[in-house]
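Engineer: Given next are the chains, with one letter for each unit.
Protein chains: 2
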Amino acid sequence: MPDTELPATYRAPRLFVEAPLAAGAVLPLSREQARYLFAVLRRKPDAAVLLFNGRDGEWAAFLRQTGRDAGLLELAGQTRPPATHAGPWLLFAAIKRTPTELIVEKATELGVSRLLPVRTERSNQDRINHDRLTRIAIEAAEQSERLDVPAIEALQPLPDALADWPRDRLLIVGDETGTAPPMREALTGARPGPFGLLVGPEGGFAQGELDGLGQLDFVAKVGFGPRVLRAETAALVGLALGQAILGDFAKARPVTR
Amino acid sequence: MPDTELPATYRAPRLFVEAPLAAGAVLPLSREQARYLFAVLRRKPDAAVLLFNGRDGEWAAFLRQTGRDAGLLELAGQTRPPATHAGPWLLFAAIKRTPTELIVEKATELGVSRLLPVRTERSNQDRINHDRLTRIAIEAAEQSERLDVPAIEALQPLPDALADWPRDRLLIVGDETGTAPPMREALTGARPGPFGLLVGPEGGFAQGELDGLGQLDFVAKVGFGPRVLRAETAALVGLALGQAILGDFAKARPVTR
Chain A
1 MPDTELPATY RAPRLFVEAP LAAGAVLPLS REQARYLFAV LRRKPDAAVL LFNGRDGEWA
61 AFLRQTGRDA GLLELAGQTR PPATHAGPWL LFAAIKRTPT ELIVEKATEL GVSRLLPVRT
121 ERSNQDRINH DRLTRIAIEA AEQSERLDVP AIEALQPLPD ALADWPRDRL LIVGDETGTA
181 PPMREALTGA RPGPFGLLVG PEGGFAQGEL DGLGQLDFVA KVGFGPRVLR AETAALVGLA
241 LGQAILGDFA KARPVTR
Chain B
1 MPDTELPATY RAPRLFVEAP LAAGAVLPLS REQARYLFAV LRRKPDAAVL LFNGRDGEWA
61 AFLRQTGRDA GLLELAGQTR PPATHAGPWL LFAAIKRTPT ELIVEKATEL GVSRLLPVRT
121 ERSNQDRINH DRLTRIAIEA AEQSERLDVP AIEALQPLPD ALADWPRDRL LIVGDETGTA
181 PPMREALTGA RPGPFGLLVG PEGGFAQGEL DGLGQLDFVA KVGFGPRVLR AETAALVGLA
241 LGQAILGDFA KARPVTR
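Residue numbers (the working numbering), protein chains in the order written: chain A, 1 to 257; chain B, 1 to 257.
Bound-form chain A, shown alone (with noise of 0.2 Å):
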């Protein structure tokens, strides 16, 4: 790429695709690809564009245009290689659309590996829109640079989700009662590791709930501070603190300058 003609904030376009990616490789563009490279983000013909799939890290590849809303991409070389660290989990009670919808692009850019929506007490919404939020994912996923998206699961009753927790994953779960330790002291001598992360509904987890939570020897009730925040702003702050002291926040990012 011809860097010192681009400007200071141009960067390659990253796409996700499901075909393996190699040495050689030619993808084919779909129709609503090509449209956006060509048309929506104007690239030119032998442009960058970098690919990754989930499985083999990223590939830079070089964009041919073939006819008007046709094209393919050539793979020229990789340039990073796959991820070895997987992210956290995230279960949250199903809310409503738009804060939903918050919860995934954001957990997607924070790293998260799995988004289980999980039915509580309290939880008041019986259906997400699976295909919508996948999509959502992997736009937040191709924007922040990641190498996977993130898998999104059926919703599903909460301890449903519990039953086959594996037992070397902490599972963080947000208290609104004003009972449970600020989550930076909760976390007071645990060591990087996986980690999961469970927030409810508005109306909060009900009594005997969070008493069936503190049963469970994986678990550990956090607060987030003196206020009330909304479900959302619960999963984000957990998850930025969960990242900064169990997860992949010390890691820098590849530098850019």
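Since the hints were made in silico from the structure, they are not lab data.
Bear in mind that the values here come from a model prediction, so they are computed numbers and not experimental data.
Treat the hints with caution; some may be incorrect.
Which copy is meant is left open, so a pair is good if it fits within one copy or across any two.
[As the list claims (entries may be wrong)] Under the rule of at most 30 Å between Cα atoms (straight-line distance), these lysine-lysine pairs were calculated in the DSS-like manner: (1) Lys44 x Lys96; (2) Lys251 x Lys221; (3) Lys96 x Lys221; (4) Lys44 x Lys251; (5) Lys221 x Lys44.
Following the hints, complete the assembly by docking chain B onto the known chain A.
Structural biologist: Coordinates of chain B only, in the frame set by chain A:
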């Protein structure tokens, strides 16, 4: 309040008002407030309402109806003393409407006391809707059980916002270039105290801006992990970590059970 007759998720409405709050005071409701309490929230006469004005703590009042869309509030007693702790300041590059509104709402939930929109080399918005952002901040303050509403300053060039910066207030700067230490590491050993956070626009800061910021002895440049965060996500992550390490996240909420 007869708690036993109320559902577990019941919460008295909280309203921000301008008037002084003191024992025996009677506040007329605006037509809008009366409609909100009687028609939207369906509160009956004599229902309890909580009030705050940013100066006098929080007060409980009883709702009296004097007409279809008219009523008043009779102050009963103080429920919380005035806050003694002032929150962090958030400087953010003016960005598009939706993410700006998200920043204002979430920063209010997270305890910010001053919001300072700034113009940077790569920010691309020349104005903010001050009235609308103030309404969003008031609503978030009511909902999050704050005792005050953050001040929202006029949009100004970044250098102006830094001109009179108090030397005892650390300014944490989100640096996306991959050269700054992770925020938690950068603040190792820092003592709780006043701080500000500065986040740039989508395209990041110009190199000259980052170099200039690095010359200031109250600035700490920090990274937020290995992914690219949107501007509004960086603001929320920086505030969450800042409040956990330097701010009031060590305080618990009043116990609600």
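Engineer: All the hints need checking, so say for each whether the structure fits it.
Structural biologist: Against the structure, the hints:
1. For the identical chains of this complex, Lys44 and Lys96 are inter-copy neighbours only, at 27 Å across copies versus 41 Å inside a copy, given an alpha-carbon limit of 30 Å.
2. Taking the shortest Cα distances, Lys251 and Lys221 sit within 30 Å of each other both inside one copy (26 Å) and across copies (15 Å).
3. Taking the shortest Cα distances, Lys96 and Lys221 sit within 30 Å of each other inside one copy (24 Å), while across copies they are farther apart (36 Å).
4. Neither within a single protomer nor between protomers do Lys44 and Lys251 lie at most 30 Å apart by alpha-carbon distance, with minima of 34 Å and 55 Å respectively.
5. For a Cα distance limit of 30 Å, the shortest separation of Lys221 from Lys44 qualifies neither inside one copy, at 53 Å, nor across copies, at 37 Å.
Of the hints listed earlier, those the structure fails to meet are numbers 4 and 5, in rising order.
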